[in-house]
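*Asks:* Throw the hints in and build the complete structure from the sequences for me.
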Amino acid sequence: MSKIKLLLDVVEDMRSLADSLQSLADAMTQGEAPEAEPVQKAAPSPPKEPAVTLEQVRAVLAEKSHDGKTEAVRELLQKYGAPKLSSVDPKHYPALLKDAEVL
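First residue of the sequence shown? That's 1 in the UniProt record's numbering, and the numbers climb one at a time after it.
In short, the hints are calculated from the structure, not lab data.
Certain hints may be false.
Said to hold, decoys possible - Here are the simulated lysine to any residue pairs, SDA-like style, with alpha carbons at most 25 Å apart:
#1 K64 / A51
#2 K98 / S65
#3 K91 / E75
If you're wondering where the values come from, they're calculated on a predicted model, not measured in any experiment.
*Replies:* Here's what the structure looks like:
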């Protein structure tokens, strides 16, 4: 397409837009505009807890193990069905972290 053809297309689109805006303004001044549905605001979602990472859990468990609670750490891991931390399902990290902090 030539640049002139593109420019003519833009001008035609602008005229169409202007005509539509004029029709809308006329309808609104005559009270014929359809009622717009009220916009519903989405309820604010509750704040998410920050995701617990493997590194965070590892740091707490390492500290507990260093404090002489190695056996308690092993039992805690077995509670979540894993022989070692890397085998624990990430969805259990928040609960595991809470349990570890209690040790």
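*Asks:* Compare the structure with each hint and give your call.
*Replies:* How the hints compare with the structure:
1. For the hint linking K64 to A51, the alpha-carbon distance of about 21 Å falls within 25 Å, and the restraint holds.
2. A threshold of 25 Å between alpha carbons decides the hint, and for K98 with S65 the separation of about 15 Å falls inside it, so the pair holds.
3. At roughly 18 Å between alpha-carbon atoms, K91 and E75 fall within 25 Å of each other, so this suggested pair holds.
Violation of the numbered hints given earlier is absent; every hint is satisfied by the structure.
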